[in-house]
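S.K.: In this note's numbering, the protein residues as written are 1 to 244.
It should be emphasised that the hints constitute simulated quantities derived from the structure, not laboratory data.
Wrong hints could be hidden among the right ones.
[What the hints assert, rightly or not] In the BS3-like style, the derived pairs of lysine-lysine whose C-alpha atoms are separated by at most 25 Å in a straight line are: (1) K243 <-> K229; (2) K5 <-> K169; (3) K16 <-> K210; (4) K125 <-> K210; (5) K15 <-> K5; (6) K244 <-> K131; (7) K83 <-> K41; (8) K174 <-> K131; (9) K179 <-> K169; (10) K79 <-> K93; (11) K18 <-> K244; (12) K179 <-> K210.
[As the list claims (entries may be wrong)] Label pairs and their computed distance ranges (CB to CB): (13) Y89 <-> S127: 19 to 29 Å; (14) K93 <-> S223: 17 to 27 Å; (15) L230 <-> S127: 21 to 31 Å.
Virtual Cβ for every residue (Gly too), placed ideally from N, Cα, C.
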Amino acid sequence: MSSTKDKWLKYWFLKKYKRLAPYVPRTRMMSRSALWNLISKYQHVILKPVRGSRGRGVIQVSSLGGNTYALHFESIKIKIQGKENTYKYIQRKIGYTRYMVQRRIARPTVGGCPFDMRVIIQRKKFSSKWKVTAKIAKVAGRGYIVSNNGRSKGRLLPVKTAIRKSTIKHLSSKRLQWKMDRISLRAARRLRGLFPRHRIYGLDVGFDPKGHPWIIEANLYPSMSHFLKLRDRTMYRRIMKYKK
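All chains, please: the whole structure from these sequences, using the hints.
M.R.: Below, the structure is given as structure tokens:
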């Protein structure tokens, strides 16, 4: 089942579907031309390994103007002069690992730290009806771009709380969650075409400053640790019940 970890395959399959295309950020397989093409379009891009997990190996590349580029990985930030030097540095960093380059979505922040959501969608055995069984906001640790809790020493918040404390608090939390649930269910139904027997997905969904939801990634084997860390175990129990 090597395809289950292939982010490019899942991305391509979701993006090809008309009803999901507006919610999936532009992504290409990493190459010199793909990198500069997306940077010239969006100014900021995210490089990620095609088969990576838990935020490992993620690099943000930004154009600062004046032929200067900023790279941000883990909690390290560096500036490099010139396209050639930048590309060489990236190549040294990623080696022969297959990478993809994705438009960076400017996520809202809580206390200056970006956050996105982990949404769990499941269906019961012998049922074709999908349900959002759990969701949580993952706030990146100070100085990090990835919201993975362990990697960035970030924190977890109920989605409603995160929105209320964030830079998009002027938007309706109810409406934002409704939009997020709707595209998450749509993605689960679509992914069934690739993985017909699968019954659980963990989607990373981020809002942009206007409240438009974006599917950053789809995981087939989402970690349950987020929901175990909560004092209230309701969501964790619901996930487990559906898994039976």
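S.K.: Between the alpha carbons of K5 and K169, is the straight-line distance 25 Å or under?
M.R.: 34 Å, violated
S.K.: Check whether the Cα positions of K15 and K5 lie no farther apart than 25 Å.
M.R.: 17 Å, holds
S.K.: Mind checking the alpha carbons of K243 and K229 for me, to see if they're no more than 25 Å apart?
M.R.: 19 Å, holds
S.K.: For the pair supplied as a hint, K174 and K131, confirm whether the alpha-carbon distance does not exceed 25 Å.
M.R.: Within the cut-off at roughly 17 Å; holds.
S.K.: Run the distance test for K179 versus K169: straight-line Cα separation, threshold 25 Å.
M.R.: 16 Å, holds
S.K.: Is the hinted pair K83 and K41 satisfied, with a Cα-Cα distance of at most 25 Å?
M.R.: Satisfied, since the Cα-Cα distance of roughly 15 Å is no more than 25 Å.
S.K.: Holds or violated: K179 and K210, Cα atoms, limit 25 Å.
M.R.: Roughly 13 Å separates the two Cα atoms, so the pair holds.
S.K.: Would you mind confirming whether the straight-line C-alpha gap from K244 to K131 stays at or under 25 Å?
M.R.: 15 Å, holds
S.K.: Can you tell me whether the CB distance of Y89 to S127 sits inside 19 to 29 Å?
M.R.: 50 Å, violated
S.K.: Assuming the hint says 17 to 27 Å, is it satisfied by the Cβ distance from K93 to S223 or not?
M.R.: 26 Å Cβ-Cβ, so the 17 to 27 Å window holds.
S.K.: Please work out if K125 and K210 have their alpha carbons no farther apart than 25 Å.
M.R.: At roughly 37 Å apart (the allowed maximum being 25 Å), K210 and K125 break the hint.
S.K.: Between L230 and S127, does the C-beta distance stay in 21 to 31 Å?
M.R.: 26 Å, holds
Going down the numbered hints, you'll see the structure goes against 2, 4, 11 and 13, while the others check out.
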